[in-house]
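Protein chains in written order, with the numbering used here: chain G, 1 to 438; chain W, 1 to 164.
Since the hints were derived computationally from the structure, they do not count as laboratory data.
Some clues are possibly wrong.
Mimicking DSS-like on lysine-lysine, the simulated pairs with C-alpha atoms at most 30 Å apart in a straight line are [as the list claims (entries may be wrong)]:
#, chain 1, residue 1, chain 2, residue 2
1, G, Lys236, G, Lys10
2, W, Lys155, G, Lys396
3, G, Lys55, G, Lys10
4, W, Lys155, G, Lys6
5, W, Lys161, G, Lys80
6, G, Lys396, G, Lys6
7, W, Lys29, W, Lys155
8, G, Lys32, G, Lys78
9, G, Lys82, W, Lys29
10, W, Lys67, W, Lys17
11, G, Lys78, G, Lys289
12, G, Lys10, G, Lys289
13, W, Lys29, G, Lys78
14, G, Lys40, G, Lys78
15, G, Lys236, G, Lys6
None of these values were measured; they are calculated from a predicted model.
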Amino acid sequence: MGYPHKPHEKETVILSEYFGDAEARSYDGWVKRGGYKALKASLEMQPAEVVEIVKSSGLRGRGGAGFPTGVKWSFMPKEKSKPHYLCCNADEAEPGTFKDREIMRWTPHALIEGCAIAQYAIQAEITYIYIRGEFTEPLRIMQAALDDAYGNGVLGDNAMGSGRRLDMYIHRGAGAYICGEETALMNSIEGQRGNPRIRPPFPAASGVFGMPTTINNVETLAAVPHIINRGPEWYKSLSLNNEKSCGTKLFSVSGHVQRPGNYEVTMGFPLGELINDLCGGMRQGRTLKACIPGGSSVPILNREETESCLLDYEGCVEMGTMLGSGGVIVFDDSADMVYQTMRLARFYAHESCAQCTQCREGTGWTVRILERILAGQGEPKDLDLLLDLADQMTGKTICVLSDSCAAVVISTIKRFRNEFEAYMAGTREPGVVAAGVG
Amino acid sequence: MEQTTEYAPVFTGDNRKRLDEVLARYPAKRAGLLAALWMVQEQHGWVSDEAMAETADVLGLTPSYIKGVVTFYTMYHQHPVGKTFVQVCTTTPCNICGAEEVVEAFLEHTGCGDLGATSPDGKFTVIEVECLGACGFATPVMMNEDVIENVTPEKVPDLVKQYS
């Protein structure tokens with residue numbers, strides 16, 4: 001469901017308050033809605049104070065890993081001997097996720113303000129906002145807002161009259177999912193192939209251009225001005241019985257629901273309620289079969305697990321999955337889980353940077369085995385082969401793309417083994433498999 | 001005999017100025033490469049060997065290095081494509097909502113026939129793309145720089161007409 005529309009009564013609307021309000025896109029419109037107050041207040045504090053506030057708010061990274069944001073910021077060297085950088089990860093490409101796109105489309109200044117505060121807190125001269133190449137509209141809107149922010153003295157050599165120089169630039173990607181991986185993103189900014197780097201060194205020691213760097217997701221940074229304005233205690237109080245996961249989170253819901261779209265709820269919100277109430281339930285005459293709650297890289301849940309899953313970092317782990325990026329993909333009883341597993345494997349095969357053997361070979365091999373099963377030529381031992389391969393693809397590579405592909409395979413076979421076996425037994429019509437693109 | 005047309009350089013006049021502005025944002029010249037390649041594609045519609053050589057020259061890199069980067073990123077075209085480049089998202093969230101039927105409709109109505117092939121009139125090239133990041137608006141389709149949401153097979157003939 002696109003914006004504008006009225007939020008559902010069960011939503012807690014903070015980041016998405018001005019989604020659909022075109023006036024909020026301009027500098028004047030943003031200031032009228034209370035914008036840039038948090039940046040002004042931050043610039044009057046010491047950088048370490050800002051870090052402390054964010055640390056005590058309990059904000060955790062919204063890109064997938066859930067690492068405490070303030071703690072990440074505190075890893076940056078306190079004594080500056082080299083330039084520092086902030087990278088904003090706007091390379092949103094995790095299948096099922098489309099929240100950062102809306103933040104940039106509707107509230108570009110919220111992101112700029114969040115970046116500027118973070119940039120000041122970690123004492124960085126420059127922020128690079130890395131936006132995926134396909135996001136042409138967010139790119140245009142973000143660039144216009146940046147120009148507006150420079151024109152009004154928010155950025156530049158005397159940011160908001162503070163006497164400090166803050167610069168911020170957009171770096172456009174060119175089509176590569178892997179560039180959402182933090183070190184691949186840094187290589188891509190440097191004009192290289194987007195290959196992830198071996199860690200250590202970690203970005204806080206040696207990031208983009210070999211300098212101390214912090215990288216945060218769009219949604220994480222957009223939450224920062226609210227925390228500065230309303231205080232860390234307020235943010236911490238936004239939680240449903242689990243103090244380890246607090247704040248609000250945007251969930252992008254796609255697939256077989258009545259009203260797909262973005263929904264902002266307090267951490268810990270029940271996944272079943274998100275699907276049944278906010279999204280209006282399943283399509284007419286259909287029933288829930290499965291759900292991937294955190295973007296395609298997290299394990300899939302069956303119906304029972306979906307209905308009892310709580311949407312926060314710990315609640316998802318309890319169900320054997322992860323909160324990830326909050327991309328909720330909903331499948332009804334019409335979905336062919338074997339075919340969709342193959343499609344996801346094909347995604348990972350296509351997006352593998354091909355540095356590590358386990359990933360380069362493993363993702364392609366996974367696709368070929370699944371295609372064979374779909375064509376009705378699978379053998380009983382193929383499931384064990386897939387699982388064995390998935391094991392070889394887990395925990396052995398530079399980044400987790402390979403692990404993500406393996407997680408899809410392992411979790412789908414675990415929950416929907418009967419569908420795979422039906423193809424093997426020939427009780428299921430061989431699917432028509434479109435030519436591979438991997 | 002093969003027809004040859006003279007290569008028109010990209011980084012002259014205003015474009016050169018634009019590139020210099022981009023380069024000023026980074027501590028290293030190489031960081032301007034992705035932006036430079038976008039400028040090449042904007043002017044020529046694809047990134048040819050000649051364009052790679054020119055870009056290498058301007059940024060102080062080697063043509064082989066540039067080729068390594070061009071081949072990594074899927075949005076840079078390594079051969080000419082139709083006037084309108086159509087990318088239909090067919091990754092899982094869109095796939096379960098009927099994206100493959102949208103692909104079929106585009107292949108039929110543009111006359112492209114096959115994925116990656118350009119229509120005989122040179123107007124269209126259609127490909128499947130992995131996740132456009134608009135999964136709640138299945139099926140999203142990119143037509144050159146425009147992202148069109150909620151495309152169904154029924155809407156395809158009008159879109160093809162509009163971009164012809």
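Inset, instruction - Tell me, in ascending order, the numbers of any earlier hints that this structure violates. - result: As far as the earlier hints go, 2, 5, 6, 7, 8 and 11 are violated by this structure, in ascending order.
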